[in-house]
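With chain A fixed as given, assemble chain B onto it according to the hints.
Number of protein chains: 2
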Amino acid sequence: MIAPCPTRAEAADAVLGRLAQIVGVKHVVTDTLELAPHLVEPRELFKGRARAMVRPATTAEVSRVMVLCNETGLPVVPQGGNTGLVGGQTPHETGDEIILSLTRLDRLREADPATNTLTVEAGMTLTRVHDEAARIDRMFPLSLASEGSCTIGGNLATNAGGTAVLAYGNARDLVLGLEAVLADGRVLSNLSKLKKDNTGYDLKHLFMGSEGTLGVITAAVLKLFPRPRAIETAFVGLADPAAALKLLELALDSAGASVTAFELMPRIGLDMVLRHAPGTRDPLAGKHAWYVLLELSAQAEHGLLEALGSLLENAMSRDIIDDAAVATSLDQREAFWKLRDMQSEVQGREGGSIKQDVSVPLALVPRFIADAEGAVGARIPGARMVAFGHLGDGNIHCNVSQPVGADKATFLTRWAEVNAIVHAVVTRLGGSISAEHGIGRLKRNLLPAVKDPVALDVMRALKATLDPKGILNPGKVL
Amino acid sequence: MIAPCPTRAEAADAVLGRLAQIVGVKHVVTDTLELAPHLVEPRELFKGRARAMVRPATTAEVSRVMVLCNETGLPVVPQGGNTGLVGGQTPHETGDEIILSLTRLDRLREADPATNTLTVEAGMTLTRVHDEAARIDRMFPLSLASEGSCTIGGNLATNAGGTAVLAYGNARDLVLGLEAVLADGRVLSNLSKLKKDNTGYDLKHLFMGSEGTLGVITAAVLKLFPRPRAIETAFVGLADPAAALKLLELALDSAGASVTAFELMPRIGLDMVLRHAPGTRDPLAGKHAWYVLLELSAQAEHGLLEALGSLLENAMSRDIIDDAAVATSLDQREAFWKLRDMQSEVQGREGGSIKQDVSVPLALVPRFIADAEGAVGARIPGARMVAFGHLGDGNIHCNVSQPVGADKATFLTRWAEVNAIVHAVVTRLGGSISAEHGIGRLKRNLLPAVKDPVALDVMRALKATLDPKGILNPGKVL
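In order, the protein sequence lines correspond to chains A and B. Sequential numbering of the first sequence, starting at 117, is according to the working numbering. Sequential numbering of the second sequence, starting at 117, is according to the working numbering.
One copy or any two copies: either way a pair holds, since identical chains are not told apart in the list.
Each computed DMTMM-like pair below joins lysine to aspartate or glutamate, with the alpha-carbon atoms no more than 25 Å apart:
{"#": "1", "residue 1": "Lys142", "residue 2": "Glu126"}
{"#": "2", "residue 1": "Lys142", "residue 2": "Asp129"}
{"#": "3", "residue 1": "Lys579", "residue 2": "Asp300"}
{"#": "4", "residue 1": "Lys585", "residue 2": "Asp573"}
{"#": "5", "residue 1": "Lys579", "residue 2": "Asp568"}
{"#": "6", "residue 1": "Lys339", "residue 2": "Glu365"}
Please keep in mind that the hints were generated in silico from the structure rather than gathered at the bench.
Okay, chain A solo, but in the shape it has when bound:
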């Protein structure tokens, strides 16, 4: 007797049953309410559906899940803290994917102060990574707005940036070893603590920044640093981005690796924060067109304040800066940082805000800001550009707020158009249309226009080699 073919629904149920055998019934989430927050990304630009969310607790379980998905052709969307800003972690609208949540894989495998490493699983939040480092009197420098909820696995999969890149590099630069599960379930295990290892191709860099399309990162060995004993923070008023760039050059020349933050803000951005964030106040007496938050850190307890003072005096005497305040307490330091950290959030209180995440070669930042503002203003009179961010990395979020009084929804329909205007300037200056957020779905269709076609071909070939069935985060990046 021949058994009847299962229907599609029966086949789907069968797969979910097998997934439940691997991770346990309660970790194959199909409940609509529980699923809902995982189907939409933070800015609500993408909203999808999923067959289920599967939550393995160990690398072995991730491996078995991938074996099953590869065997059945079930597409997988890896998800950590769901804080990504390009829709990389959001399932498609078709509903035929599963979300592979890494949040239960959150153990500290080892803290090793003698080698200055932390071996952590992918689902650990960045804040907890900071805490675990502090527990052994060390520091993990990666720092982002979403650090309370983003996970280290997501940070590595997207090669996250943030405010500490200037001195410590991007997320990929903070990793010694990596463990990842391949599309077919094989576990690539290289949880090395070595600073030097030239035994073959560097595979970890292939997985980091691939946004879950080449493998699922399950654990990593992170580099730790000594905790600085002195941190000095200045809030500086100056005339324009060119002056800010001169200040950066002066700072690097006089303080080198001690320059641990260099963030740019325009007056309009500061005004928005002062307007909407309770308890904030302008640290400087007069108004300035632009501001820099400058931070120096050192191991030595003494001398840093003097170094900062002489840097600022030097900059003042050369007419590079107009005014500066130095934080005299931890509270004041936090107040300065709040003016920077709230930039993005308060833009939402001023109506529609179209976000950008671009970079250009350092020397071209002033020209980039001027050209981008001019180009956007010419197309949308009254549009308010708020160009702020990591000047030290050439990475400026030149977000565009709607003209005062304009209709928010109508303005937001121009998202792609405004992006295109800014990206044209970026591309002309040899910049990147995604400095730190990645490609995901948001910029997938933009990639072919800006990327070397040979690089795209190689990327496609690598994808086909490592994920021949195309089940790992399909439709993202490529």
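Coordinates of chain B only, in the frame set by chain A:
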């Protein structure tokens, strides 16, 4: 009429003729005398033959050469300054390969002090890279014994290490953008000056460290740094590697990123230098079992000497170190460095020397040195281990000199045996059998025993994807 098939020799001649059309007749070198130095690697462990050495002058010529080689299945061995220590740049004995010399591709494409970058071609020597950086008042930190003749392309293809890794990272960490020619002649061009660029997979890290097996690096954008205004160097005597490790921890804790060199040497290594290198002398009055060359660098002109002094006093008061001399002149600094730099060379004057290039997690260095010395001594009584090198990176060259009076040739027949003894200790401690020199031919057969089999499979798959005909440096690494 059917044309007769060309003989093998005729076919070979035809290819050389076509290569001459691309690069010019005089740059297809077949002269035995001119070829000879390119057929052997510096330690004469490998000696090969080649059909010719081809010297393209531009990336376009490299591309055309690769198109032809790919079409005709002609295997290619890329070569820079021919200073590699694992035979990666040496052709096989079969004589059917061509050497692709990159030395004519040595232009400075751009020096950009404002963005702190240098765009250079692969054939530029490392010393010239240093000079070009100095010309615009910047520093390129990569520093190796062979810097006068090695080329930056070779440094990147092998992810070179050296004495500045502690503060600045390996060669791959010093690169922003890369240009490479693929096996089929396509040019992958990403000469980006960006510190942040998350538009797709990071392809540059795949080519760096792949030893010419995945593509031919033709140019790169290098990161530059401010030139330090103050450098202070100490030569420290101490009891053992564990004390050296404690000193390192103290140094990093008090001086952080200012610690720019931390090199370990044993008394036996110092004795060999004092014996064979004219003009050298022991900087310390008494004899010590071990020595550290410690260097601090800073942007500030003042305060560094005091910082070094208080670090050494602190270490002395905790009984971590026994004695120390601080260089009071540039001459003295150079004299200290000579004691370190001559370590490898003078070993050759003491008879046979079997070289090692391994790394272990930082905290395990003392155990590694003790275990390796014990294991080698048990097998070869009287063998003299000279364990020196980059302690700050966990990278110790524990070279083994023959017993006094033993026969050199007989001792050197035990090269693989001694390597195996040391590698067994390395592997047990989670270390790497090639810290900075690469795999090449020397360690190709050792790789399968120490590498994660999944990683090896992925490496093979990447090789097949990027070089399906296997013409790029065949038989190296994999």
